[in-house]
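Engineer: In my numbering, the protein residues as written are 1 to 173.
Simulated from the structure, these hints should not be mistaken for lab results.
Keep in mind the model is a prediction, meaning the values are calculated, not measured.
Any given hint might turn out to be false.
To be verified - With a straight-line cut-off of 30 Å between C-alpha atoms, the simulated DSS-like cross-links for lysine-lysine are:
1) Lys112 to Lys97
2) Lys155 to Lys91
3) Lys97 to Lys113
4) Lys91 to Lys113
5) Lys91 to Lys112
6) Lys155 to Lys113
7) Lys155 to Lys112
8) Lys97 to Lys155
Unchecked claim - So the derived label-pair ranges between C-beta atoms look like this:
9) Met125 to Arg6: 35 to 43 Å
10) Arg6 to Gly26: 18 to 26 Å
11) Gln88 to Trp30: 26 to 34 Å
12) Glu95 to Gln153: 25 to 33 Å
13) Thr142 to Glu2: 17 to 25 Å
14) Glu2 to Trp115: 30 to 38 Å
15) Val43 to Glu2: 14 to 22 Å
16) Asp152 to Glu2: 22 to 30 Å
Ideal placement from N, C-alpha and C gives every residue a C-beta, glycine not left out.
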Amino acid sequence: GEQLRRAHAEQRLTAVQNEYSLLWRGPEQWVLNACEELGIGFVPWSPLGVGFLAGAIDANTRFAQGDIRGIEPRFSPENLPGNLALVQVLKQWGERKNATAGQIALAWLLAKKPWIVPIPGTTQMAHMRENAGAADVRLTPTEFAELTASVDQIKIVGERLPAPVLAYSEVEA
1 GEQLRRAHAE QRLTAVQNEY SLLWRGPEQW VLNACEELGI GFVPWSPLGV
51 GFLAGAIDAN TRFAQGDIRG IEPRFSPENL PGNLALVQVL KQWGERKNAT
101 AGQIALAWLL AKKPWIVPIP GTTQMAHMRE NAGAADVRLT PTEFAELTAS
151 VDQIKIVGER LPAPVLAYSE VEA
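All chains should be modelled from the sequences, with the hints used to inform the complete structure.
Structural biologist: Okay, structure coming up:
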(Lines of atoms letter the chains of each structure in order from A and count residues from 1; the text may use other names and numbers.)
(Lines give C-alpha, C1' and ligand atoms only; values in the text may rest on other atoms or scores of the structure.)
Protein backbone atom coordinates (compact mmCIF):
# COMPACT_ATOMS: atom_id res chain seq x y z
CA GLY A 1 0.00 0.00 0.00
CA GLU A 2 2.77 2.46 0.81
CA GLN A 3 4.44 2.06 -2.59
CA LEU A 4 1.07 2.73 -4.22
CA ARG A 5 0.62 5.88 -2.12
CA ARG A 6 4.08 7.14 -3.12
CA ALA A 7 3.41 6.48 -6.81
CA HIS A 8 0.02 8.18 -6.61
CA ALA A 9 1.56 11.24 -4.93
CA GLU A 10 4.07 11.47 -7.80
CA GLN A 11 1.59 10.91 -10.64
CA ARG A 12 -2.14 10.44 -10.09
CA LEU A 13 -3.08 6.82 -10.79
CA THR A 14 -6.36 5.85 -12.39
CA ALA A 15 -6.24 2.09 -11.89
CA VAL A 16 -4.11 -0.74 -10.59
CA GLN A 17 -4.12 -4.17 -12.19
CA ASN A 18 -3.28 -7.34 -10.28
CA GLU A 19 -4.41 -10.92 -9.92
CA TYR A 20 -7.48 -11.15 -7.68
CA SER A 21 -10.27 -13.68 -7.37
CA LEU A 22 -12.03 -15.80 -4.81
CA LEU A 23 -9.17 -18.25 -5.33
CA TRP A 24 -6.45 -15.70 -4.54
CA ARG A 25 -7.41 -12.76 -2.37
CA GLY A 26 -3.97 -11.30 -1.66
CA PRO A 27 -4.88 -7.75 -2.77
CA GLU A 28 -7.30 -7.53 0.17
CA GLN A 29 -4.26 -7.50 2.45
CA TRP A 30 -2.12 -4.89 0.75
CA VAL A 31 -3.73 -2.84 -2.00
CA LEU A 32 -7.53 -2.58 -1.94
CA ASN A 33 -7.67 -0.27 1.09
CA ALA A 34 -5.16 2.08 -0.55
CA CYS A 35 -7.15 2.05 -3.81
CA GLU A 36 -10.33 2.95 -1.97
CA GLU A 37 -8.60 5.65 0.07
CA LEU A 38 -7.02 7.24 -3.01
CA GLY A 39 -9.90 6.80 -5.45
CA ILE A 40 -7.97 4.39 -7.67
CA GLY A 41 -9.78 1.71 -9.65
CA PHE A 42 -8.73 -1.92 -9.33
CA VAL A 43 -8.68 -4.25 -12.34
CA PRO A 44 -8.41 -7.93 -11.34
CA TRP A 45 -6.80 -10.17 -13.91
CA SER A 46 -7.39 -13.90 -13.70
CA PRO A 47 -10.68 -13.29 -11.87
CA LEU A 48 -11.68 -16.88 -12.64
CA GLY A 49 -8.49 -18.38 -11.21
CA VAL A 50 -7.24 -19.58 -14.63
CA GLY A 51 -10.51 -21.43 -15.22
CA PHE A 52 -10.66 -23.04 -11.79
CA LEU A 53 -13.60 -20.97 -10.51
CA ALA A 54 -15.55 -21.62 -13.69
CA GLY A 55 -15.39 -25.36 -13.00
CA ALA A 56 -12.93 -26.12 -15.81
CA ILE A 57 -10.68 -28.14 -13.48
CA ASP A 58 -11.59 -31.19 -11.41
CA ALA A 59 -9.72 -33.53 -9.06
CA ASN A 60 -8.51 -35.64 -11.99
CA THR A 61 -7.18 -32.75 -14.07
CA ARG A 62 -3.54 -33.00 -15.07
CA PHE A 63 -1.95 -30.18 -17.03
CA ALA A 64 0.01 -30.34 -20.27
CA GLN A 65 3.70 -29.55 -20.22
CA GLY A 66 4.15 -25.79 -20.42
CA ASP A 67 0.80 -25.02 -18.73
CA ILE A 68 1.75 -22.88 -15.72
CA ARG A 69 -1.04 -24.45 -13.68
CA GLY A 70 0.95 -27.68 -13.73
CA ILE A 71 3.57 -26.13 -11.43
CA GLU A 72 1.22 -24.09 -9.24
CA PRO A 73 1.01 -25.74 -5.79
CA ARG A 74 -2.69 -24.88 -5.43
CA PHE A 75 -3.42 -27.14 -8.43
CA SER A 76 -1.17 -30.05 -7.42
CA PRO A 77 -2.81 -33.49 -7.26
CA GLU A 78 -2.61 -33.46 -3.45
CA ASN A 79 -4.08 -29.94 -3.00
CA LEU A 80 -6.62 -29.79 -5.80
CA PRO A 81 -9.31 -32.07 -4.30
CA GLY A 82 -9.65 -29.98 -1.12
CA ASN A 83 -9.54 -26.68 -2.99
CA LEU A 84 -12.49 -27.79 -5.11
CA ALA A 85 -14.75 -27.03 -2.11
CA LEU A 86 -14.62 -23.42 -3.30
CA VAL A 87 -15.98 -24.39 -6.72
CA GLN A 88 -18.76 -26.39 -5.06
CA VAL A 89 -19.87 -23.27 -3.16
CA LEU A 90 -19.90 -21.30 -6.41
CA LYS A 91 -21.92 -24.02 -8.16
CA GLN A 92 -24.47 -24.02 -5.32
CA TRP A 93 -24.77 -20.24 -5.60
CA GLY A 94 -25.09 -20.62 -9.36
CA GLU A 95 -28.10 -22.87 -8.89
CA ARG A 96 -29.57 -20.39 -6.45
CA LYS A 97 -29.05 -17.41 -8.80
CA ASN A 98 -29.60 -19.19 -12.14
CA ALA A 99 -25.99 -18.59 -13.14
CA THR A 100 -22.77 -20.50 -13.70
CA ALA A 101 -20.03 -20.87 -11.09
CA GLY A 102 -17.85 -18.50 -13.13
CA GLN A 103 -20.60 -15.89 -13.28
CA ILE A 104 -20.96 -16.06 -9.49
CA ALA A 105 -17.19 -15.58 -9.06
CA LEU A 106 -17.29 -12.52 -11.33
CA ALA A 107 -20.50 -11.18 -9.75
CA TRP A 108 -18.81 -11.36 -6.33
CA LEU A 109 -16.00 -9.11 -7.59
CA LEU A 110 -18.48 -6.72 -9.20
CA ALA A 111 -20.53 -6.55 -5.98
CA LYS A 112 -17.51 -6.02 -3.74
CA LYS A 113 -16.82 -2.41 -4.76
CA PRO A 114 -18.01 -0.35 -7.75
CA TRP A 115 -14.40 0.54 -8.59
CA ILE A 116 -13.39 -3.13 -9.00
CA VAL A 117 -13.71 -4.13 -12.67
CA PRO A 118 -12.51 -7.68 -13.46
CA ILE A 119 -11.08 -8.59 -16.85
CA PRO A 120 -11.56 -12.29 -17.50
CA GLY A 121 -9.57 -13.56 -20.44
CA THR A 122 -10.69 -16.21 -22.87
CA THR A 123 -10.09 -17.42 -26.39
CA GLN A 124 -13.60 -18.84 -26.77
CA MET A 125 -16.67 -16.83 -27.76
CA ALA A 126 -18.98 -18.96 -25.59
CA HIS A 127 -16.86 -18.19 -22.53
CA MET A 128 -16.81 -14.49 -23.39
CA ARG A 129 -20.61 -14.44 -23.56
CA GLU A 130 -20.86 -16.39 -20.31
CA ASN A 131 -18.44 -13.99 -18.59
CA ALA A 132 -20.37 -10.96 -19.84
CA GLY A 133 -23.53 -12.48 -18.37
CA ALA A 134 -22.05 -12.02 -14.89
CA ALA A 135 -23.03 -8.35 -15.13
CA ASP A 136 -26.68 -9.48 -14.98
CA VAL A 137 -26.17 -11.48 -11.77
CA ARG A 138 -27.12 -9.32 -8.82
CA LEU A 139 -26.03 -10.11 -5.30
CA THR A 140 -27.87 -8.21 -2.59
CA PRO A 141 -25.71 -6.97 0.30
CA THR A 142 -27.06 -9.87 2.38
CA GLU A 143 -26.27 -12.40 -0.36
CA PHE A 144 -22.80 -10.91 -0.84
CA ALA A 145 -22.11 -11.23 2.91
CA GLU A 146 -23.45 -14.79 2.95
CA LEU A 147 -21.36 -15.84 -0.06
CA THR A 148 -18.26 -14.18 1.38
CA ALA A 149 -18.78 -15.93 4.74
CA SER A 150 -19.11 -19.27 2.95
CA VAL A 151 -15.91 -18.88 0.95
CA ASP A 152 -14.05 -17.44 3.95
CA GLN A 153 -14.47 -20.81 5.65
CA ILE A 154 -12.58 -22.60 2.87
CA LYS A 155 -8.82 -22.71 3.32
CA ILE A 156 -7.08 -22.81 -0.06
CA VAL A 157 -4.08 -25.10 0.24
CA GLY A 158 -0.94 -24.44 -1.81
CA GLU A 159 0.60 -21.20 -2.96
CA ARG A 160 -0.53 -19.56 -6.17
CA LEU A 161 2.98 -19.78 -7.66
CA PRO A 162 6.02 -22.00 -7.05
CA ALA A 163 8.41 -20.62 -4.40
CA PRO A 164 11.09 -19.14 -6.76
CA VAL A 165 8.48 -17.36 -8.91
CA LEU A 166 6.55 -16.28 -5.82
CA ALA A 167 9.60 -14.61 -4.29
CA TYR A 168 10.16 -12.64 -7.50
CA SER A 169 6.54 -11.62 -8.08
CA GLU A 170 5.48 -10.57 -4.58
CA VAL A 171 6.77 -7.03 -4.53
CA GLU A 172 4.82 -4.84 -2.12
CA ALA A 173 2.31 -2.69 -3.96
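Engineer: Given a hinted range of 22 to 30 Å, is it respected by the beta-carbon distance of Asp152 and Glu2?
Structural biologist: holds (26 Å)
Engineer: If I claimed the Cβ atoms of Gln88 and Trp30 lie 26 to 34 Å apart, would that claim hold in this structure?
Structural biologist: Given range 26 to 34 Å: holds, Cβ gap about 29 Å.
Engineer: If you draw a straight line from the CA of Lys97 to the CA of Lys113, is it 30 Å or shorter?
Structural biologist: holds (20 Å)
Engineer: Holds or violated: are the alpha carbons of Lys155 and Lys91 at most 30 Å from each other?
Structural biologist: Judged against 30 Å, a Cα distance of about 17 Å means the pair holds.
Engineer: Going straight from one Cα to the other, do Lys155 and Lys113 come out at no more than 30 Å?
Structural biologist: Satisfied, since the Cα-Cα distance of roughly 23 Å is no more than 30 Å.
Engineer: Is it true that the C-beta distance of Glu95 to Gln153 lies inside 25 to 33 Å, as the hint says?
Structural biologist: Taking Cβ atoms as reference, Glu95 and Gln153 lie about 19 Å apart, which means the hint is violated.
Engineer: Are the Cα atoms of Lys112 and Lys97 separated by 30 Å or less?
Structural biologist: Roughly 17 Å between the alpha carbons, so the hint for Lys112 and Lys97 holds.
Engineer: Does the structure keep Lys97 and Lys155 at a Cα separation of 30 Å or less?
Structural biologist: holds (24 Å)
Engineer: That 30 to 38 Å hint for Glu2 and Trp115 (C-beta), does it hold up?
Structural biologist: Violated - the Cβ-Cβ distance for Glu2 and Trp115, about 20 Å, lies outside 30 to 38 Å.
Engineer: Given the hint of 35 to 43 Å, is the C-beta distance from Met125 to Arg6 inside that range or not?
Structural biologist: holds (42 Å)
Engineer: Check whether the Cα positions of Lys91 and Lys112 lie no farther apart than 30 Å.
Structural biologist: It holds: about 19 Å lies between the C-alpha atoms, which stays within 30 Å.
Engineer: Taking the Cβ atom of Val43 and the Cβ atom of Glu2, is their distance within the range 14 to 22 Å?
Structural biologist: Holds, since Val43 and Glu2 (Cβ atoms, about 21 Å apart) stay within the stated range.
Of the hints listed earlier, those the structure fails to meet are numbers 12, 13 and 14, in rising order.
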